[in-house]
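First to last, the protein sequences are chains A and B.
If you count the first sequence from 1, position 64 lands on 67 in the numbering used here, and the numbers rise without skipping.
If you count the second sequence from 1, position 7 lands on 14 in the numbering used here, and the numbers rise without skipping.
Think of the hints as simulated: they come from the structure by calculation, not from any bench.
The beta-carbon is built from N, C-alpha and C at its ideal position, and this holds for glycine as well.
It is possible that some hints are incorrect.
Pair by pair, the computed Cβ-Cβ distance ranges are [claimed, not checked]:
hint	chain 1	residue 1	chain 2	residue 2	range
1	A	72	B	57	29 to 35 Å
2	B	105	A	67	38 to 44 Å
3	B	69	A	80	39 to 45 Å
4	A	54	B	112	30 to 36 Å
5	A	19	B	95	29 to 35 Å
6	A	72	B	21	45 to 51 Å
7	B	57	A	59	25 to 31 Å
8	B	15	A	32	34 to 40 Å
9	A	44	B	19	18 to 24 Å
10	A	19	B	23	51 to 57 Å
11	B	102	A	55	20 to 26 Å
12	B	24	A	43	24 to 30 Å
13	B	86	A	81	48 to 54 Å
14	B	33	A	42	21 to 27 Å
Covered by chain B, per the in silico footprint, the following chain A stretches (three or more residues, Cβ under 8 Å) [to be verified]:
hint	region
15	41-53
16	86-97
Listed below, chain by chain, are the residues.
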Amino acid sequence: EDKVVQSPLSLVVHEGDTVTLNCSYEVTNFRSLLWYKQEKKAPTFLFMLTSSGIEKKSGRLSSILDKKELFSILNITATQTGDSAVYLCAVHTGNQFYFGTGTSLTVIP
Amino acid sequence: DAGITQSPRHKVTETGTPVTLRCHQTENHRYMYWYRQDPGHGLRLIHYSYGVKDTDKGEVSDGYSVSRSKTEDFLLTLESATSSQTSVYFCAIRPTGGNEQFFGPGTRLTVL
Numbered sequence: 004e005d006k007v008v009q010s011p012l013s014l015v016v017h018e019g020d021t022v023t024l025n026c027s028y029e030v031t032n033f034r035s036l037l038w039y040k041q042e043k044k045a046p047t048f049l050f051m052l053t054s055s056g057i058e059k060k061s062g063r064l065s066s067i068l069d070k071k072e073l074f075s076i077l078n079i080t081a082t083q084t085g086d087s088a089v090y091l092c093a094v095h096t097g098n099q100f101y102f103g104t105g106t107s108l109t110v111i112p
Numbered sequence: 008d009a010g011i012t013q014s015p016r017h018k019v020t021e022t023g024t025p026v027t028l029r030c031h032q033t034e035n036h037r038y039m040y041w042y043r044q045d046p047g048h049g050l051r052l053i054h055y056s057y058g059v060k061d062t063d064k065g066e067v068s069d070g071y072s073v074s075r076s077k078t079e080d081f082l083l084t085l086e087s088a089t090s091s092q093t094s095v096y097f098c099a100i101r102p103t104g105g106n107e108q109f110f111g112p113g114t115r116l117t118v119l
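Work out the full structure: start from the sequences and follow the hints.
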């Protein structure tokens with residue numbers, strides 16, 4: 004059975020902290036891994052990773068995929084209150100996408 | 008903006024009534040998906056489509072049917088709504104040849 008597991012379930016940090024969100028997966032036909040940010044509305048696309056060791060960066064956010072150990076991490080540096088959201092990890096296996104239950108991040112001023 | 012709209016955006020209905028949700032896209036993408044999102048469960052796939060009249064079941068398809076008679080529209084029908092189908096429903100598309108997925112704004116459905 005294909006599955007995606009995210010940890011931690013929730014996280015509370017202070018502005019300026021650095022956070023690391025984890026996503027592990029077990030799927031039969033890996034095509035890509037995606038990260039989304041969800042703020043009380045539809046998920047918005049952040050990154051897509053397809054190859055190991057490739058770090059994607061967008062401002063203060065970065066992500067790495069390890070296809071050997073079957074996990075990905077999402078790093079957020081110098082967190083801001085606007086980073087407060089649920090972060091979703093998903094794996095594309097061909098026809099379907101499998102989602103983790105998300106990590107809820109709260110950034111306190 | 009992936010050009011995805013959903014209608015209605017909010018709906019309250021009663022148990023036993025039929026409900027149809029519509030997803031409309033403007034960019035002729037081949038793949039379209041319907042998910043439901045519930046606390047503690049994340050996003051779960053209901054049905055997906057890989058072309059006109061080509062659909063398949065997802066993880067939580069019981070109680071739902073879909074139709075895709077045109078590339079741009081993907082309809083989700085609850086034949087007889089139950090309270091367990093109270094949820095937020097998201098439509099998504101995957102660009103042809105791509106490996107990413109983009110979401111519509113969602114429909115909040117309440118079944119009383």
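Tested hints:
Here the CB-CB span from residue 72/A to residue 57/B is close to 31 Å, well matched to the stated 29 to 35 Å. With their beta carbons about 21 Å apart, residue 105/B and residue 67/A fall outside the hinted range of 38 to 44 Å. As the Cβ distance of residue 69/B to residue 80/A is approximately 44 Å, the hint placing it in 39 to 45 Å holds. In this structure the hint that residue 54/A and residue 112/B lie 30 to 36 Å apart at CB holds, the actual value being about 32 Å.
The given range of 29 to 35 Å is respected by residue 19/A and residue 95/B, whose C-beta atoms sit roughly 33 Å from each other. Separated by about 50 Å at the C-beta atoms, residue 72/A and residue 21/B satisfy the suggested range of 45 to 51 Å. Separation of residue 57/B from residue 59/A is about 27 Å and conforms to the stated range, judged on CB atoms against 25 to 31 Å. About 36 Å separates the C-beta atoms of residue 15/B and residue 32/A, a value consistent with the hinted range of 34 to 40 Å.
Here the CB-CB span from residue 44/A to residue 19/B is close to 19 Å, well matched to the stated 18 to 24 Å. Under the hint 51 to 57 Å, the C-beta atoms of residue 19/A and residue 23/B, about 53 Å apart, fit the expected range. Checking the proposed 20 to 26 Å range against residue 102/B and residue 55/A shows it holds: the Cβ atoms sit about 24 Å from each other. Take residue 24/B and residue 43/A: their Cβ atoms lie about 28 Å apart, and the range 24 to 30 Å holds.
Separated by about 50 Å at the C-beta atoms, residue 86/B and residue 81/A satisfy the suggested range of 48 to 54 Å. Between residue 33/B and residue 42/A, the C-beta spacing of about 24 Å keeps the proposed range 21 to 27 Å intact. A stretch counts as covered by a chain when three or more of its residues have a beta carbon under 8 Å from one of that chain; for the region 41-53 of chain A and chain B the count is 7, and the coverage holds. For a cut-off of 8 Å, the count of residues in the region 86-97 of chain A with a CB near a CB of chain B stands at 3, and the three-residue condition holds.
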